[in-house]
Amino acid sequence: MSTSVPATSDDAQRRLARRVTYGTVAVLLLVALSGLEAWPLTSFRLFSTVRTGSTVGLQLMAVAPDGSRQPVRIPADQVMQTTTHQFARLAHTRPELQREKVRAWLAAADIDPATVAQVELVRTSRSTDAAGTSHVTASTVVVTVTP
Amino acid sequence: MKGIAARVDAALTAPGPWYRLREVQTLVALVVGWRLITRDWTRIADRAPALTEHRNVMAWYPGAPPAWLLVALQIIGIGAVALVVARRRPRLAFAVAWATYVALCAWWGASGKVMHNDVLTATVAFPLLFARPAARGETGWAVRWGWPPRAALAVMGTVYFLTGFQKLRHAGLDWVFSDNMAWVLRQGAVDRAAGLATFVADHAWLAQGLAGGALALELTAPLWLAIRPTRALFAVAALVMHTSIWLLLGIDYSAWVLTVAAVTVPMSLRADRPLFPGPRSSARRESVPAPVEA
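Those protein sequence lines, which keep their order, are chains A and B.
Numbering-wise (this note's numbering), the first sequence opens with residue 5 and increments by one.
Numbering-wise (this note's numbering), the second sequence opens with residue 19 and increments by one.
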């Protein structure tokens, strides 16, 4: 069986096609230009910066009451590992939320907060040579949180 | 310029065969279904509420979702994909599959970093939500079956173009003509490809060639996708680019590869040639104007 579609229906479909297609493309362009990030709306900045041999990283260090230190290793899966991107905003977070977040990271790393006196957020600058070997050039404590 | 715009508009709104929309919608739904099946979405519930940052479409939901809700959405989404494939209420089923997929992906990425792994699939599927596929027994050609797959191509081309545009905008040509790619490889290579990454990084012409090729592909994507004979080539080029990223850096863009294939493979066929055997006998155009499809 075959159907022929009335012209009025075709006209309506053409209007819908334009609204949906041009509208979606326009929204994608506007979001990209504005830098908005509200998934699934994104500015599509994938690898859009220039890398050099110098990098800066942030790492949580758990400090025991006896002064010994151990890195807080967040599980490598995507859901948890990507929470480390919140490190950059930790220093500017209100104290009670800082504490909540740090306790959650300790729990994710299987470290009992009761065994930790302080957690330090350490900023480490590294320089990588052409052989791929990384050298620490500077290390500073950005913020200290008592869990 | 006006002539080009008119030709683009005519190509977008030209009639299309009933089976092409069905093929593209089904294949995109299968990509969604594959993503829904292959992830343990309950990991979202393991992330503490304090570490959940909502800057996405699910920002209205308070706190972190419980595991039972995540599993329920996963099952509903997979069931909806099955209905699309079985052609049972495909329009509604596609919308349900898309909505559950978007909700789960938004929660998955609610951790402070923008994740792009699923954004192409979600975005390309969006225009298909407005499509009215052929009901059982309906065949022939119509505007309503022609534009949705072409809209998906237009959106896909825009997304790829923007990924390249943002590199130029924020890094300029240094993104290609500097040590940028060499450092990306030295700092981000996964263990399995450390030797290959070092080899590429140590040969500037090779590293810059990779960067230039990737940027050129992204910026010219709308052209590749506008012309029927180059759509399949674009799918192959995208496969090579995303596979090399996975091989060297371990970043999974498989959903991008599959989405590109889901749309471009059917759309690279001649309009009177169905992807799947069966509907060919009714593929003949009847009582509608000639297609303008490129």
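In case anyone wonders, no lab produced these hints; they're calculated from the structure.
These numbers come from a predicted model, not from an experiment.
Mixed in with the good hints, there may be bad ones.
Cross-link-like lysine to aspartate or glutamate pairs, in silico, EDC-like; alpha carbons within 20 Å at most [claimed, not checked]:
| hint | chain 1 | residue 1 | chain 2 | residue 2 |
| --- | --- | --- | --- | --- |
| 1 | B | K131 | B | D192 |
| 2 | B | K131 | B | D270 |
| 3 | B | K131 | A | D70 |
| 4 | B | K131 | A | E41 |
| 5 | B | K131 | B | D27 |
From the derived model, a few chain A residues whose C-beta atoms are all more than 10 Å from chain B [what the hints assert, rightly or not]:
| hint | residue |
| --- | --- |
| 6 | A21 |
| 7 | S129 |
| 8 | A142 |
Glycine is no exception: its CB is placed at the ideal position from the N, C-alpha and C atoms.
A quick look at each hint next to the structure:
1. K131/B with D192/B: Violated, because 25 Å separates the two Cα atoms, which is more than 20 Å.
2. K131/B with D270/B: holds, 15 Å
3. K131/B with D70/A: Answer violated: K131/B to D70/A is near 35 Å, above 20 Å.
4. K131/B with E41/A: Holds: K131/B and E41/A sit about 10 Å apart, inside 20 Å.
5. K131/B with D27/B: Distance of about 37 Å is beyond 20 Å: violated.
6. A21: Answer for A21/A: violated, closest chain B Cβ roughly 4 Å.
7. S129: holds, 13 Å
8. A142: At roughly 17 Å from the nearest Cβ of chain B, A142/A sits farther out than 10 Å, so the non-interface label holds.
Hint check: violations occur at hints 1, 3, 5 and 6; the rest are consistent with the structure.
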